[in-house]
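**Student:** Just so you know, we're using this note's numbering here: the sequence shown kicks off at 163 and counts up by one.
The hints are simulated quantities; they were obtained by calculation from the structure and are not laboratory data.
In silico lysine-lysine, BS3-like type, Cα no more than 27 Å apart, as pairs:
id	residue 1	residue 2
1	Lys265	Lys244
2	Lys188	Lys290
3	Lys244	Lys274
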Amino acid sequence: MIATICRKAHFNAAHRLHNPNWSQEKNIAVFGKCNSPNYHGHNFDLEVRVRGEVDPDTGFVMDLAVLGSLIQDEIEERFDHKNLNEDCPEFADIFPTTEYFVKVIYDILKPKLEKGQLLHITLHETQKNSAEYGDW
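All chains should be modelled from the sequences, with the hints used to inform the complete structure.
**Tutor:** Structure (structure tokens):
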């Protein structure tokens, strides 16, 4: 039997969207308030879904407590109350947009899963804006 489990988490982080190859006018036109030189923060809501075979011995796709610890150790500890531009080497060469951020989270968590388990990440930047990335 195949099933999908979901674990949610919450963390806060700041960023600035800025393309150094553009003029200040173009940066403001494209990124608006997100281009503030003083950065700005978000209260991120994260949903991590794992799909796979249900283990007949446990009834689990994956122990949700283990998934929760993985998210805490690998994602929340790494990004909570951080400036993504300044504090996180994952964003040294990419824009800290939600689209890239969701892929960064996927890349961190995917190698930690068992072979054959699928991963799907949803990252809510605001109540209205989110991005998704994953195996399905």
